[in-house]
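Given chain A, work out where chains B and C should sit, using these hints.
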Amino acid sequence: MEDILNLRYALDTFYFLVSGALVMWMAAGFAMLEAGLVRAKNTTEILTKNIGLFAIACVMYMLCGYNIMYPADGNGIFPALDFSFMFGGDNDPAEVLAQNPEEWYDGSYYSGMSDFFFQVVFVATAMSIVSGAVAERMKLWSFFLFSVVLTGFIYPLQGYWKWGGGFLDGLGFNDFAGSGVVHLCGATAALAGVLLLGARKGKYGKNGEITPIPGANLPLATLGTFILWLGWFGFNGGSELVLSNVEEANAVAAVFVNTNMAAAGGVIAALITARLLFGKADLTMALNGALAGLVAITAEPLAPTPILATIVGVVGGIIVVFSIVALDKVKIDDPVGAISVHGTVGMWGLIAVVISNEDATLTAQLIGLVTIFGFVFVSSLIVWSILKTTMGIRVSDEEEYEGVDIAECGMEAYPEFTSSKV
Amino acid sequence: MEDILNLRYALDTFYFLVSGALVMWMAAGFAMLEAGLVRAKNTTEILTKNIGLFAIACVMYMLCGYNIMYPADGNGIFPALDFSFMFGGDNDPAEVLAQNPEEWYDGSYYSGMSDFFFQVVFVATAMSIVSGAVAERMKLWSFFLFSVVLTGFIYPLQGYWKWGGGFLDGLGFNDFAGSGVVHLCGATAALAGVLLLGARKGKYGKNGEITPIPGANLPLATLGTFILWLGWFGFNGGSELVLSNVEEANAVAAVFVNTNMAAAGGVIAALITARLLFGKADLTMALNGALAGLVAITAEPLAPTPILATIVGVVGGIIVVFSIVALDKVKIDDPVGAISVHGTVGMWGLIAVVISNEDATLTAQLIGLVTIFGFVFVSSLIVWSILKTTMGIRVSDEEEYEGVDIAECGMEAYPEFTSSKV
Amino acid sequence: MEDILNLRYALDTFYFLVSGALVMWMAAGFAMLEAGLVRAKNTTEILTKNIGLFAIACVMYMLCGYNIMYPADGNGIFPALDFSFMFGGDNDPAEVLAQNPEEWYDGSYYSGMSDFFFQVVFVATAMSIVSGAVAERMKLWSFFLFSVVLTGFIYPLQGYWKWGGGFLDGLGFNDFAGSGVVHLCGATAALAGVLLLGARKGKYGKNGEITPIPGANLPLATLGTFILWLGWFGFNGGSELVLSNVEEANAVAAVFVNTNMAAAGGVIAALITARLLFGKADLTMALNGALAGLVAITAEPLAPTPILATIVGVVGGIIVVFSIVALDKVKIDDPVGAISVHGTVGMWGLIAVVISNEDATLTAQLIGLVTIFGFVFVSSLIVWSILKTTMGIRVSDEEEYEGVDIAECGMEAYPEFTSSKV
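Residue numbers (our numbering), protein chains in the order written: chain A, 551 to 972; chain B, 551 to 972; chain C, 551 to 972.
Any given hint might turn out to be false.
As the list makes no split between identical chains, a pair holds if one copy fits it or if it spans any two.
[To be verified] Dumping the calculated DSSO-like pairs for lysine-lysine here, alpha-carbon to alpha-carbon at most 30 Å:
no., residue 1, residue 2
1, K830, K753
2, K881, K751
3, K830, K938
4, K830, K751
5, K881, K938
6, K879, K756
7, K753, K938
Since the hints were derived computationally from the structure, they do not count as laboratory data.
Just chain A, with the same shape it has in the complex (with noise of 0.2 Å):
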């Protein structure tokens, strides 16, 4: 018996590890979406952005931030900090084989180092999706400031109300990977910079006439989304949590075609709403659908059918083509759409759990998503006008014309290729 009990554990230790490498790979995947969507003159500071963020969100998630979503003593919002995850430690091996097997997935199943390690790479993914948003005129310093905040105590506070046991999760708010609490959290953050922050230069003019401002780089962000993608694999199906036997292994099975078969979805009706509205194949939509039936399958990709998920990701990638033009109509300046596809259907994804999910109610779906979205609006907005009225969140207008790039980080990323600015 303890051989199994050994080869359980090692198998999913293995697949948690295995599924948040894919996550982290996320990570290299929003770098290159945003730094394909914004303008050459913008792109080394995106660059400098993600790769910081990334490692912030890493050290503050290991310094606070899991303990405060994962608390050791499963008590209260502002848990007593244990710091002895820091300090190595994981679970006693003779322990482990002592438990019953019955009781099994009761108990310590899995290395809890593998599940540091799956929820660090989550927290960079919510983060993430803020750089995209206030790409092209935001400060640098001030963006890692906020990344700080976000990453050690919003994301990490919200996210208890759900997967650490909170009061969310007593409601019965059903958000399996995470459509509310990562990626509805990261666009709530994110349009909150944004409404303070204002449009790029030039993006809106005193007619209401809206300027397109083209990406320097299509080729990187559809490697970025092809890079998501594959990382969603690893976001929805390691978030099964158990994969050692025939069940939960079938329900990981599930997940990564319903996965898959959103994308897949997302992609075909937003290049089918983009051709009906806009006479074009417009790839940038295309790579947003893929996107947004990504997002509107993570709260639920267990329970539908192949087909269903299909749908679900359909409507994903009409509603993002949708929301993308309402936004730069009401003026919100969005370069890479990342408010639309995380936050808008975020919430679809959050609503569409109803449709499948019998456990689920459509009270409690929204209980959750306006809790989600009023406690990271709210925490966001007051740690973003902390940040304006002291340091400052904007570049000066001739850095912004001149690009972030040479004011930020001194370098350009193309210098070869650009003779003039755009």
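Below, chains B and C without anything else, positioned relative to chain A:
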């Protein structure tokens, strides 16, 4: 015993899902490879085709392709379609755990959903091959319609003949992971399209001169090749289908090693061949050499020793250079060399099986090769012809000169980097 | 019991194969990193070097390197070469299953082929380090010849001293995943080459001024860094060699977490150090900081707590900035900073082992460090010297000015993006 059955099932399912995720990643590889090898003005469109075809392949294979290729009742070329899969359902845990472990490998030893996931990314691979060969001049929406037919019907039908238990399987035709079923199939469909489509303007002069049209972004093409190389470990490695005992684990490991060695052999052979022919170390030939090595070993990556696998790859790397030169001589214009890499070398791969696999016969291999080529060529030619006579398959001369990106997608891939059309 | 042995073997083999695939992926990371940090006119050649050296490393390691590093009879520095591996063969299932499970970990507990696969991608990593440092001025085919010698002989010999059971292992030298055996080895070979090769034209002025030569494509360099970060989970995580019980699974998970934290620490430290020194958030330093953190933790990613791992990475991130500045001062021209990242920080990693691992002694670490550096430096210097006096190692001044892409490969990497030479 139940514990063992649970663990086996979970491990084999996980192995399948990881392999499938690697194959899904090949979609990004094809997208980057093709985007790197076309001109800047046709890049957005090839990216749109690549993400669009992947989505179409997933949906069509779910709707009908999977059931045609692996009919639930095991009968006939046109099985009564069984939509049970589409509406969910997987192996019943009770039935799985009641199996006699000795007869395990005749039963359901991994999740059916994971099988679908692994198979669906294969059909996308076949379709990805087509997009490169018809690049820079084919209409976007005609291409998508062809994708619907190939991924929903043509690919599954010929796939059924071998992997679904059809007549090619009965004849002793060997094709481990699809040198024929996937790569030759894709290349043949591409050839039919290219013949109807004609060459790009300016490629072939009146007096037989050939104008090289260099790719706009070779780092992207190199990245695409490395992605494909990585993904191939899932493509070939997953095709062993089982992992969970010593013999099978050894087999999967051998497949990994042989796949890697064939690619390495292909690179070296193509580099030296190109150096001897052209006097330079031709990067695009090195990349095609890697892919040629991979395609060549795909029909039998298990039986050869590592050194024989290297040789199979070396021969593939030599063949691909001569095939690319030869196709140009007969004015078959394939911007990325896909027909040579996947078609010519796919044939070599099918034939090379007889060198290492004692169970294979040259006759059976040739019958399989001719069957796949003949069926896919004729059926594709019919579909392309219908598209040509109805909606047309080629953009206008002016659109081709301006670049299909503006005409089809309304946006440039690199708006800041290119000041004039090439 | 046989069932357990089968499953253990399969799981440990699969863990090895997945880890190896991640390390293979690092080849793409080095290719993108280096392609992003050189000028556009030298990009095709660095890509050709990167894919070529990977192929050469695989073939040479199969032909002799693996047998030198892990001699079948366990004796001597120059073992009687055993070609059994090359001709196939793996562990006999009957022998594996007849083992006493208690003595399992002394026996053959995973596929020998999977071991080769994991080892072969390590030698390619070592060689990839060299290509960056000698970029923009070294002859392509001389580089390939050096690759043959390093991957076939120099690397395996010093690898044997530690990992093959040689005298460094006997002395108690600790190098978990290769801060010394892989990274210092590669950097030392690069240093020897750079010293014989000299700096790029225009880099160092007569009056001591240093002209920065910016990389042409920073998104590529960032992508390369993320790829390496991901691949490092296989590099360090796979080096635990066993996964299949609670203790080992915990160990692998700890290695994942520590590897990630060290990289994060490296990014933050390098960003802040560069900001203090140069006044800007230097992206290339942030990237090198990530890699420095990874190199630093590689010699001992298991013993530290996550917070200590972060500190090891922080120190690495600080060291790398000063090392890059210092090497420039003494006119050692390393376009990508590879000698600093893998050499200087590799040394720090070897020394840092004594902080967390009680079994390590500073004496043994220093002996290992000096041995690897001394042997690789002298042997590489001899090989580079022979190449220099026979076929030459440096391109002509005119070729360097025009770019090695045209001279060596006959094609530009970005033919449409660059109108004039930089």
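Now for the hints, and whether the structure bears them out:
When the C-alpha separation of K830 and K753 is checked against a cutoff of 30 Å, the pair qualifies both within a copy, at 22 Å, and between copies, at 28 Å. In the homo-oligomer, the alpha carbons of K881 and K751 lie at most 30 Å apart inside one protomer (12 Å), although the nearest pairing across protomers, at 44 Å, exceeds that limit. When the C-alpha separation of K830 and K938 is checked against a cutoff of 30 Å, the pair qualifies only between copies, where the shortest distance is 20 Å, while the shortest distance within a copy is 40 Å. In the homo-oligomer, the alpha carbons of K830 and K751 lie at most 30 Å apart both inside one protomer (27 Å) and across protomers (24 Å), since each shortest distance falls under that limit.
In this assembly of identical chains, the alpha carbons of K881 and K938 lie at most 30 Å apart only when taken from the same copy (20 Å versus 44 Å across copies). Within a single copy, K879 and K756 get their C-alpha atoms as close as 13 Å, which meets the 30 Å cut-off; across copies the closest is 53 Å, which misses it. Taking the closest pair of Cα atoms, K753 and K938 come within 30 Å of each other only inside a single copy of the chain (22 Å); across copies the shortest separation is 42 Å, beyond that limit.
When held up to the earlier numbered hints, the structure conflicts with none and fits them all.
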